[in-house]
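**Q** Just so you know, the sequences run in chain order G and Z.
By our numbering, the letter at position 192 of the first sequence is numbered 192, and the numbering carries on one by one without gaps.
By our numbering, the letter at position 128 of the second sequence is numbered 128, and the numbering carries on one by one without gaps.
No lab work stands behind these hints: they were computed from the structure.
Among these hints, one or two may not hold up.
16 Å max Cα-Cα, derived EDC-like pairs, lysine to aspartate or glutamate [as the list claims (entries may be wrong)]: (1) Z:K185 with Z:D45; (2) Z:K103 with G:E4; (3) Z:K100 with G:E19; (4) Z:K68 with G:E4; (5) Z:K100 with G:E47; (6) G:K5 with G:D73; (7) Z:K68 with G:E47.
None of these values were measured; they are calculated from a predicted model.
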Amino acid sequence: MSKEKIVLCEDLADIMPPEYQELVETATFGNQDRGWKDIGSSKELIEQHSLCAGCPESIAFRYILASLPAPEDTVFVGSTGCTSLVFPHVAVHNIHSLFGNQNAIASGLKRTLKARFPDVEKDVVVLAGDGATVDIGLDMTMQSWFRQEKFTTICFDNELYANTGGQESGLMQKGFVAKMAPNGKNFEKVRLPEIAREAGCAYVALLTVSKPNRVEQAIKNAIYVAREVGPTFVQLYTPCILEIGKQSMEGLDEMKESESIGGRFVQKEYITEEAQKLLDSIKEETKARKKAAKAKKPVNA
Amino acid sequence: MSNYEVKAGPEAFLPPAAATMGNVLPDPGEAHIGGKLVPEDDAYDLAARKILAAKVPTIFPGPLVLWKWTDHVAEKAKALRELAVEAPMRLIPMADYRPKYPKIIQEYEINPNHPNLTIWHNKIDVCIFIGVHCHMANLSLKIIRGGTSCYTIAMCAMAGHEDACLSFRDADLNMIQKLTAKIKKLKSEGVESQAEPFTQFVMGPSGPLTP
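Please build the complete structure, drawing on both the sequences and the hints.
**A** In structure tokens:
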């Protein structure tokens, strides 16, 4: 897939539903500087979603899709859960894997894409919930990091099994009482970012999705580092407002609260020296490119 | 060979997959009519007659022919448009396979998960599936056979579909043009199209454009 393929056949273009005509005309495929600021002014790569009203996961999806450096050359690997309800509505290639084996699938996929398209940078991004990443799929998740598979793993951390009614998960905070965990959790929240760092991830980020610019930066960093250096991991707090007893409009406040000082989701990053060098050089290149483009622009009289 | 005949429905709420009844796919150079394997050339004649005899014949182009994957696909799309004009037939796209919320607009779209809605709404009595991924075509064809009286024709670029009432295989540009030529020939011999008059809709960026 490349952006040249996102073209309708001329003879049938006039019968296509409007959302596809818009996708061809105003989506940001091929735009090097695409980002969250395009939301509202160009066609998003998520058409609709079947998540609950006000669900932070839907916000996370929109920011992530807007932040992919090359959506036309990206393949998502998803897992069972609320995220799998969204993928049919997303204009990016995606594979639904069995519960927990998403990082194993992604490993094979990345290697195959590398062999099949040696001259094109194909990004593989795993996007799964905390149940798939930390509980059921921790083996596959960690083994892919040990093997230094070059793809990004994103975990939507809502701290429980939301899709099935609120069972306890490894990422649930200690003492939390959920609908299907009435006694409260007895153990501490699994420290996955630290595990990821120790398991060999070159870039690790933990944050909420309350601030789109931060999400964009983390996603871009993770994908760039995964291309060149090694596995990367981004853990995003996307609370399930239903399961924690909040209203639709309270998701944002919940995230802001949890990222304030002393909260569970104060933003943190672990970056290896090699990854930092790469990110610095990309930053410099981008700066120089934008400066050159600005200089080229004709000055209006 | 199976005795199970794949006819236009409505057959049952859950019709069996024709393959489970023993129906097999045609070999290259063949097609099937109602489950019986026939030489490909015979199928053109029946397909053309069915199209001309229908009141609301319709083509359902899928993503494999709607998007310009290759230049060959663009040529197929052009040939499809010519077929639609020649017959005449309506064009209603199966643009994607997602469960669209709150619902599809049956007049302008068909969805593989409930193709019967589009067929009922438009009273489609003969349809051609083309450019629809096989697994989705199989699903749709079975639903259509189960709940509607629509005669289904599959112009499959792969191995064909047991669940269509008539199925070609290896359908390429040449085969679309052959079907168009057959319709033209029948018309020149005096077989008139029974299609009800219609105006093909044109979709704009914010919805259908009114003529």
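**Q** Each hint needs a verdict: does it hold in this structure or not?
**A** Verification of the hints:
1. Taken as a hint, the K185 (chain Z) and D45 (chain Z) pair is honoured in the structure, with Cα atoms around 10 Å apart against an allowance of 16 Å.
2. For the hint linking K103 (chain Z) to E4 (chain G), the alpha-carbon distance of about 30 Å lies beyond 16 Å, and the restraint is violated.
3. Between K100 (chain Z) and E19 (chain G) the alpha-carbon distance is near 12 Å, which keeps this suggested pair within the 16 Å criterion.
4. A threshold of 16 Å between alpha carbons decides the hint, and for K68 (chain Z) with E4 (chain G) the separation of about 9 Å falls inside it, so the pair holds.
5. A C-alpha spacing of about 10 Å is found between K100 (chain Z) and E47 (chain G), which places the hinted pair at or below 16 Å, so the restraint holds.
6. Distance hint between K5 (chain G) and D73 (chain G) is fulfilled; the C-alpha atoms sit about 11 Å from each other, no more than 16 Å.
7. Among the hinted pairs, K68 (chain Z) with E47 (chain G) is inconsistent with the structure: their alpha-carbon atoms are about 21 Å apart, more than 16 Å.
Checked against the numbered hints above, the structure breaks hints 2, 7 and satisfies the rest.
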